[in-house]
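With chain P's structure known, arrange chain V on it following the hints.
Listed below, chain by chain, are the residues.
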Amino acid sequence: MVRWSRFIAFLLIVAIIFGVTGATTKKIWSKIPLGLDLRGGFDILYQIQPTKGQTVNSDAQKATIAALDERLAAMNYTDPVIQAEGTDRVRVQLAGVFDQKAVKSALVAEAKLEFRAPDDKTVLLTGKDLVNNAKYETDPQTNAPVVAVEFKDPKKFADITQKYLQQPIGIWLNDKLLSKPTVQTVIANGKATITGMSSPQEAIKLAQLLNAGALPFPLKQLSSTTVGPSLGESALHSTLVAGLIGIALIFLFMIVMYRIPGLIADCALVAYMFLILATFAGMHLTLTLPGLAALVLGVGMAVDANIITYERIKDELRNGKSILSASISGSRRALRTILDSNVTTLIAGIVMYYYGTGAIKSFAEALIAGIVVSLITAVFLSRLMLMLFMRSNLIKNIKWIFSGKGVQTK
Amino acid sequence: MKFEIVRNRKWFFLLSGLITVAGIIVMLLFGLNLGTDFVAGTRVQVDLNQTFQESQVLNIFKGLGYKVSANDITTAGTDQHTAVIRLRETISTDQENKIDDALKKQFPHEKGTQVDTVSPIVAKELSKNAFYAVLFASVGIVIYVAIRFEYRFGVSGIIALLHDAFIVISVFALLRLEVDIPFIAAVLTIVGYSINDTIVIFDRIRENLKNQKVKTLSELETLVNHSLWQTMTRSINTVLTVIFADAMLFFFGGTSIHNFTFALLVGLISGAYSSIFIASPIWVVWRSRSLKKQS
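Line by line, the protein sequences give chains P and V. When the letters of the first sequence are read in order and numbered with full-length UniProt numbering, they come out as residues 1 to 410. When the letters of the second sequence are read in order and numbered with full-length UniProt numbering, they come out as residues 1 to 295.
Just chain P, with the same shape it has in the complex (with noise of 0.2 Å):
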């Protein structure tokens, strides 16, 4: 007897499954984090050099992550990787399509800002005395492009204006001279306005370099990798299509090999697929060309799940079970095998976590979702659907269910 209520349940898992793919893949995929393999960008390691007078602790560290970091986003790249690695050392990720030169050299990039003397060589003020908040202007008379800043004391800056009055005062950016104002009043309110740039490109880009400050430390370049945005962009829409057809021909391996519960296992597969890349997209992963490649390695392991087990049913047929006792029987017979198998493989994936960086650690991390992701599909979900099939009792020929000699039923 057909139980109907079974056949219909299976149906709505199948639904389900299809319907909340087909309507949110797009809106995840786009929320997963791309590694600069796939969109191009860079990934500098620095190591933080010693000054004269300072060591590199992790207190150094800290603050040559908040000056890069604050230069970052003053270029407005708001999601850069900035993290610290070892104990001296700073690694700087930023994927995505950018002017990678200037970004790069606008890092380690030195802002000594400088209000010398009459003489040229007097220091009297530095970038250090300045607050954080200069910003690009024009100049309401000549529309020239100016940076007005503002100094943390108001009152060195009036002593200053003071003792120099009608006389010039040198602005100096890294040992040039901007500009060379002449004092004409005494100025109260720590307030001034730096003028020389030639467009207001070169305006902005100093008053960025001033709020980010001074690098604390010079950073030493002991890495790097860069990859253009366009050689990102084509490895990735050539490893997805790749990725794509080597999906398609397992769908079409596994319905040709085990007919009905073949397609049963496609459906578990494209709920593997939409519950890996929301596992990236919720937890954050970088994905990366290694990590793709982890994924779709990852489909022939959940595949594996179901061979097992479709396999396993197939000897219980064989010793004379029904169909729904030996489906039964073959799962959890299966269950243990899968089991044992997918934790070697489990325990391999956590050593490469541990003690892998970049491509290691992101192929890892897919692996390590891959087979957590896989056990609750490829098993468990897959089960569930085969029973709810096998129950319904809708399917009495055994052509509909696997193919190959010897399977047969009493």
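No lab work stands behind these hints: they were computed from the structure. Using N, Cα and C, we set each Cβ at its ideal position, and we do this for glycine too. Do not rely on the hints blindly, as some may be mistaken.
[What the hints assert, rightly or not] Mimicking DSS-like on lysine-lysine, the simulated pairs with C-alpha atoms at most 27 Å apart in a straight line are:
#	chain 1	residue 1	chain 2	residue 2
1	V	K124	P	K62
2	V	K105	P	K101
3	P	K152	V	K111
4	P	K191	P	K156
5	P	K121	P	K156
6	P	K220	V	K105
7	V	K98	V	K128
8	P	K112	P	K135
9	P	K31	V	K111
[Unchecked claim] A few chain P residues that don't get close to chain V, going by computed Cβ distances all over 10 Å:
#	residue
10	V56
11	L72
12	M75
13	K128
14	Y136
15	D159
16	A242
17	M254
18	I260
19	I350
Just chain V now, with coordinates in the frame of chain P:
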């Protein structure tokens, strides 16, 4: 009766032994082609988006004052549009930009460069971490298998997986393919896959042992052979599906995962082979020794 895999084990041991010896000879003679991940230097990968002569690229780098020879330049990618240049020195951002400009001048359709530079300290650390990753993964797997099964299964499985890892490394040494960090990830995946595949077969052997008293070597051989054939369809189907996915990535995926997917391809085939023809027969040989002691 199906083909006697276990009774013909000496042929499989001989085959794997020959491959292993050949691998050792290749490694001693040529060594590994270590990439910038392990040897300090710079690797420039550029998709020129057109066919090119290696000498054209060579001349650009020579013109910029780098000491390069024809050996340092390889053509990559399925369409052979990608040039990979190895420099022995680390370079600055400025130099990077100059290289990019010079390439763009001669190859206007250039799609962009990927430049990796690694200084000696970082290279040393990376190799150290990779070594520990391989070591601890193996130890962890042996312990788990020893707990869940028995130590003989664990050790037989590890011999098979080391065999697989070694074959992949040998093939890379022989073909002069670059050994980099993704390659290490590939070897670790193979380690995981190989033992994963072996466990499924061992699981069946263990189950069959429960139902049958084995007294002689011949009985043991028959039982294991039977178990191998029982799991054969699964072994073949599974490795086929994974190879489908990997082969597609190898042929149509991005250039930067070319070596990675190739290593996996070699390892997957070797892993499926060793689970059936090496791991299980080793276990039979070992287990049969304790049989003789009992009788």
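Could you tell me which of the hints above the structure violates, numbers in ascending order?
Hints 3, 6, 7, 16, 17, 19 contradicted; others consistent.
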